[in-house]
Amino acid sequence: MSPEKFVIMRHELLLTAAALMVLIVEVFSHPDKKGKVITLSAICFGLITVLGLLPSPEGELFGGMYITNAGRLMMKNILNIGVLLVFLQSADWLRRDENSEKISEYFVLMISTLIGMNFMISSGHFLMFYIGLELATIPIAALAAYDRHRNISAEAGIKLILISALSSGILLYGLSLIYGTTGSLYFGEIATVFRGSNLQLLGFIFFFTGMAFKISIVPFHLWTADVYEGSPINITAYLSVISKGAAVFIFIIVLFTVFPVIVAAWQKVIYVTSILTMTIGNLFAIRQQNLKRFLAFSSISQAGYILLGFIGGNQLGMASVIYYILVYIFSNLGAFGVVLAISNASGKENVDDYNGLYHTNPKLSLIMMLALFSLAGIPPVAGYFGKFFLFTAAAEKGYYTLVIIAVLNTIISLYYYLLIVKAMFLLKSDNPIEKFKSTWYTRFALGLCVAGIIVTGFASGLFELIRNLSFGI
Amino acid sequence: MTSNQLMFILFSAMIVVFSILTVTTRRILRAAAFLLMVLLSTSGLYFMLNYQFMAAVQLTLYAGGIVVLIIFSILLTSHISQKFEPVELKKSIFSALAAVAGAILCILTILDYSFSATTVAAQEVNMKLIGKSLLSVDYDGYVLPFEVISILLLAAMIAAIVVAKKGGPAKTKTPTLN
Amino acid sequence: MDILTLFVVIPVLTITAILFIKDIKHVRVVTAIGMGIQLIMAAVLVFMYLAARKAGASEEMLFVRDYLWFKNPNIHYAIGVDGISVAMIALTSLVVFAGIFASWEVEFLTREFFVSLILLASGVFGFFISIDLFTMFLFYELAVIPMYLLIGIWGSGPKEYSAMKLTLMLMGGSALILAGLLGIYFNSAPDGGQFTFNILEISKVTIPMSAQRLFFPLTFVGFGVLGALFPFHTWSPDGHASAPTAVSMLHAGVLMKLGGYGAFRVAIFLMPEAAVELSWIFIILTSISVVYGAFGAIVQKDLKYINAYSSVSHCGLVLFAILMMNQTALNGAVIQMISHGLMTALFFALIGMLYGRTHTRMINEMGGLMKVIPFLSVCYVIAGLASLGLPGLSGFVAEMTIFVGAFQHTDVFHRVVTIVAVSSIVITAVYILRVVAILLLGPTTDEHHEHLTDAKWFEKVSVVTLIGSVAGIGLAPYWLSTMIGASLSPLVEKIVSVNPF
Amino acid sequence: MITGIPIHYFLILATLMFFAGVYGFLTRRNLITVLMSVELILNAVNINFMAFNRYLYPHKMEGMFFSLFVIAVAASEAAVAIAIIINIYRRFSTINVEDAHEMKY
Amino acid sequence: MVNFGYTIWILILPFLMFLLLGLAGHKLKPKLSGLLGTIGLGIITALSYVTAYKYFFTSEKVDEAFQKLTAFNSVWLQLTENLHIDIGILLDPISVMMLIVVTTVSFMVHIYSIGYMHGEKGFERFFAFLSLFTFSMLGLVVATNIFQMYIFWELVGVSSYLLIGFYYTKPSAVRASKKAFIVTRFADMGFLIGILILSFNTKTFDFITLTSLSGPAITQTGGAAFMGLSVLTWSMIFVYMGGVGKSAMFPFHIWLPDAMEGPTPVSALIHAATMVVAGVYLVARMFPIYSIAAPDALEVVAYVGAFSSLLAAVIACTQTDIKRVLAYSTMSQIGYMMLALGVSGYGGHDGLGYMASMFHLFTHAMFKALLFLGAGAIIHAVHSNYMTEMGGLRKYLPITHATFLIACLTIAGVPPLSGFFSKDEILTAALHHNKLLFAVEYAVAGLTAFYMFRLYFSIFWGKERHYHHTPHEAPLTMTVPLMILAVGSVFSGFIPFSKLVTSDSRPFESHIEMAVAIPSVLIGLVGIFVAYIMYSKETAIPDKLATTFKYSYKWAYNKFYIDEVYLFVTKNIIFRYISTPIAWFDRHIVDGTMNLIALVTQLVSFRIRGFQSGQLQKYGYVFVTGAIALAIIFVYLWK
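Chains as they are written, first to last, in the working numbering: chain A, 1 to 473; chain B, 1001 to 1178; chain C, 2001 to 2501; chain D, 3001 to 3105; chain E, 4001 to 4639.
Next up, chain A with everything else stripped away, as it sits in the complex (with noise of 0.2 Å):
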């Protein structure tokens, strides 16, 4: 292999090294300095970040079983930020004893984790999407389990990798239909026979559905808050936030690459599911105490309007899906990363425990609202501009009724994510979470979550250069 195409492969690969490099310190250092591999790990892989964000070559290599050009480096880049600041935040969490012998191991599994998405995003060949859903998934559910000492930690673990297993075996079902139909697994020469047959639809929808299962979509969503609420709060952030983020980017490259044949078969199924994600989303997390599993429904109902941007089959539709996981890594981050310091400075996860927060706590509360506030899509933070532009997308293919829907949905969450910012700014607590100082690693992440709210909206320039580069997919 030519240098030049480490260069193109170097996400996967620096992240490898990176996993690799971990690894070796973990065996050479210390037990009593193992505190150091955070500050390593997160040095690390902040370098990773930037070096991703260099310009690259495009191209194809392995015969087009790994595929990059702008638009997938992109998402990759978006990726990196998003763990970026999941490591960031989750640095104190991984200074508590009970956390300190495994801290290796859990930025191994990351790391390792991400370079199976990596790889799915790149894939050409539908092995190595389904090897990289699987690397995406599978440290993911050990992830989930990572807390030992917590019942329900376990149960997540177990119901992640069950559900997916059941998820992973229908999309092999659906994939090998594909296969017997087309008689390839490769993007582009399943696209060039593609007709959309009865069993070709069969497929597409088994296929479907293991996506829909990652992105968590209704009624493959179930799995979601269970394994939310039950996961450490940096593992949920990161399964809500990245692990949904890069199905859906390998999602909308399967269905612009592979089936555009039958985008209108795939727009029907988008449309319901759509609808269903959304409603159903909102309804159930209406009624959530524990805000782990709030901020569950809230990214199904999220999902729901992310298909949104599916469903015109236009490029300014896969330009804000792309903008709109943007949007999301820094606005949900941003809320999770309030949780997660609360939970770690005073265990408490409840919405009534977040009363009064904005009296000892003010600066998470304002962070936390306006991570709220993006989430729902209000001005000006940049959740307002990531909505927009997926009804925008919606509404331009003549999808009135569903933006309509969309948007009466959007009042439904906004209830819910009021009753937070109720909860912190309205009411009183006998019994409020004290007041704390987060480290420095917590006010570094959250730090760039809300310059991210803030500046990712009024920043046209950053959305010209996703719809430039998404072309590209």
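Don't take every hint at face value.
Restraint ranges, calculated between C-beta atoms of paired labels, are given here [to be verified]: (1) B:1124 x A:290: 58 to 66 Å; (2) C:2033 x A:347: 39 to 47 Å; (3) A:347 x B:1052: 56 to 64 Å; (4) B:1138 x D:3006: 32 to 40 Å; (5) E:4606 x A:314: 32 to 40 Å; (6) C:2026 x A:447: 25 to 33 Å; (7) A:447 x C:2033: 24 to 32 Å; (8) B:1124 x E:4633: 40 to 48 Å.
If you're looking for bench data, these hints aren't it; they were derived computationally from the structure. For glycine and all other residues, C-beta sits at the position ideal for the given N, C-alpha and C.
On the provided structure of chain A, position chains B, C, D and E as indicated by the hints.
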């Protein structure tokens, strides 16, 4: 009826029967045994399909690896003689309905489709070719998945360790959460 | 930097300043200074506008600036004003200015209060200067959201419920608007070419009728929710009742006008054909609003409820006039917006001050206050008289313009509903006088109320500013009416070209 | 060796096995048996791939390799799943799937 | 051409006075503010007299007719291309006459009030309101267009409201003021609708254009007909509705008696002499239209006027509150004026009724103001409003007594006092037009004489009551106006109205028709005589009569229960059956719907929670069935 067909009927009958037994038997170790039978029959099918390599892999990896793993875990977690309570009727009926519906749907759709065999000459599958393909970086080469799966296996190993590792210091301390 | 953008920048600067002030007591001073500057700016803008018009500037909008923001969708930061927006900006700065003095004594989380208040104001200002639908909508929502905190934190009564209801209903309206905006956007170039959000450009094309039929109701109802269109007005009584003084002032005074302004600027102006075709539905709804709100106000016991219902009635009149779609009625609509904005702000300011003294808003728990706090009481009477349309105060000018304008339609339907709307002036008189009689006149009923103190200096500033404006418009409406009228002509031309009446 | 056997037979067989696995997934009480059902599902998929490869596209080995990797993935999946199951057993002293429902609604 | 440009000051001055007294009044000494107001009004009065002189005697006439002069006009508000509200000053015979009436009476009342209101709390407020009223009334009078008239019409309404409720701590006053405002407001709604219809058809508000014989109102007699009457007629009836309200004609008269809760000078000024005749003035102002283009509307005017005058006269006979008696008397007299207009034709001698109406308006202003001010002096002296608590006061209040007697004689139509002349002209006009109306008015003339002298005798004669402290004559500030007005009442009958104020502004010859005059004087004398018998001494006759005609007396005493009907309508129908249900509907149905949406959402959210059972296999079940369902739907059903 040719011997092929006979063999096929034999294997498929075994597969179907043992599959159903696997998911219905009330003794867990038997279930594992039935699963093993299914996997073995499957490898027989692979022989029939003239994929000896795959049949071997199936035997070693699946039958030899996974099933053994499963049996170990059964031994770890259950009494061998333990008999499950029967499944709730409602649950089993509904699940069966779903499964049957899905099967009918898929079968009808499959039967509806007329597969057209390729006209390109078949490729002799031998170990050399498999090895070459597995290490090829060109079209139809599988070195990249091969590399990635190694990462996956490594990650899975670490994951399994992380999960199953008997608790460190945290175990002795009272958990602060929950 | 152009003068219009300053209207958004100054609030933002003020907020920044507030955030960096150490001493919490200086917060309100800084706020007052900031909004004072804004008021001066508004005056300057009015003069600049008039001067420019006098100098012969004949474009529809003046001081137009257009910066590309997003290329696709074609979003610009486009601003510009005509007489209507200038008038609304002036109104807003007046009400905000008065509002700040009315909330001089906010003790709880002072800094946050003023920040939210100014954020709200900046949304409103932004809305009025925008001529790009996207930016307009952005500012619109920006103006709605701080309401939640303002009512929820500093409100009274069932504030959480009210705040939630208000926010959700308004956002529900804005959801419809959003759908409508997208529809307009994708029909803004029926002959091919670049889609646009720019109002001026869209107004030059005719949106296909089939699209108009769908999006006119959406946008109109969407804005109508904020304009308290029956039956989407129910956020108003609860919201106003629970809101703190300045917020009620701003909300009833300015924010509800966003509804009318938007309904006019977006719904009617861009889709006149559908407006003509479908207006009858909304005319019926608005005439119901007008009469219904007034009747509803008669039996209320809470001062703020009375005023909220009264606002339903008056804002219904705004929408009613807008739907009449002729120069005079539209002119009346704009004047009514301003007039109602001022006087309802005045009302709420006074109610707030009364509440601050008596700690009740129930009219049957108060009585004979005229003797105790004459200044506030007289001001209340003046506000009441303005509200019931006494000549010499602004309400009269607006109502008469609307009635005369609405009556210019030759068909029976429009004239009959006009007469229905006219009947509201009597009902208004009934509830205003009822309140005045119970609240202010007669003997003092509660002995605790006998030692109340009259208005303090900052309250006087607040109230006098508003009364001055109300009386100013009422006594000499000509300049305002002409300024608005001149700006309306091009808009009306477009509407009239499709209006068969 | 497959002359006289239509491809449909293989596909139907795989489908039956697949849905037997699904049925098992939906009804088995023990987490390990659920895992076994998953193995059935994956195995069914493998049969599909192999059959397609042999019958329709014998000039390439995509289906076969896919099956190969599925087996590998299945193995790692099983490993992790079993690790978690054992962990659960340690915590709950049971691996009845119905007992793992602390989180709901 | 005489320049009348200065007349604008007639409007500006009182307004400035209002602002000065209203804003700075509480800082001035009460005395000073009263004085300021009075001086200001003196100047205005002087200006008015100058104007009248110049208008009637020096201004040019065309074709013998007084011209309508627009002394000042400026656009106040442009509504449509054609319609604009102007603020201006229109001088023609009736407006100039009204200027005289308004300023004179107002000036008298100002002077009187200095004495009457002495020491009252809110003295300066009183004068501020008086100034406001004067401003509004003058603006109404000189209005150049119907909308200006409407503006000032509303303003007089509100000044009246403020003044009736001057004693705002007194619940009855508050109620009365509210009632007055709302009732007139309701009538004004009719006025406004009338204006809208009228202006829509004629495209103008301007009085000169409207009333010009070649103007749109008269030449195009309205558009389509509605219920048998032309649109124009309807508009004029609606406009008249405003007049009915303001002039307290049936059925909108109920506010007037209650309005007597206000300070007596106010009653004299507003509710006797000036504001209440605004309705008459309105009809007179629009008279050409009524007469030529909408005779049906004019009939309405006549009948409403006649019925009101009769009704009021009957009620007045039974009331004991002297101010109420006077109020009903006012209503009755205004009925006369309305009737006169209603029976009048246009131009020349046909316009006798019009002239008579204006004439009566003028004389009535004098004597009714006198009566009220006199009543004020009496009340001032005895601190009671009820004639049952008075008697034999002539000893204590000589000046008041004398002037009051003059006024009573005047109103009873005893020659040669002014009332005789004006009433006689009205009866003449009625006789020529409609015998029925004449008969009614003839009877009313008798009743008027009766109840006025009932009042007179009860107060000044009869049995002396026990007073808390000896009544004493009012101070000079109060008696001087009485005397001046008495002079006016006596002599104003000699003003040659038919030369000055006529329907077509051209003078004509009028003379007393003995056939009408003699019977009317006779019946007046009969009325006085009956009253003398019944009330000059304490007798049992009134009570006896009251018991004989128990029911009719009770009905009349209770004002024919019209108030109760109104109360029923407002309290029961509007409050109980309209407003309360609407408020309920709003809270429960409309708002309830919104809450219901929220509730249903919550409920659904609760109901579907079973999906999220926590059971892995249920999740799997949903997963699988979901996949199968999607497949069935999208592969087979919905392609």
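Tested hints:
Range check, residue 1124 (chain B) to residue 290 (chain A): Cβ separation about 59 Å, and the 58 to 66 Å hint holds. Between residue 2033 (chain C) and residue 347 (chain A) the beta carbon distance is about 46 Å. The supplied range of 39 to 47 Å therefore holds. With their beta carbons about 58 Å apart, residue 347 (chain A) and residue 1052 (chain B) fall inside the hinted range of 56 to 64 Å. Take residue 1138 (chain B) and residue 3006 (chain D): their Cβ atoms lie about 34 Å apart, and the range 32 to 40 Å holds.
The hinted range of 32 to 40 Å is satisfied by residue 4606 (chain E) and residue 314 (chain A), whose Cβ atoms lie roughly 39 Å apart. At roughly 28 Å, the beta-carbon separation of residue 2026 (chain C) and residue 447 (chain A) lies within the given 25 to 33 Å, and the hint holds. Between residue 447 (chain A) and residue 2033 (chain C) the beta carbon distance is about 31 Å. The supplied range of 24 to 32 Å therefore holds. Taking 40 to 48 Å as the suggested C-beta distance range, the pair residue 1124 (chain B) and residue 4633 (chain E) conforms, at roughly 44 Å.
When each numbered hint is compared with the structure, no violation occurs for any of them.
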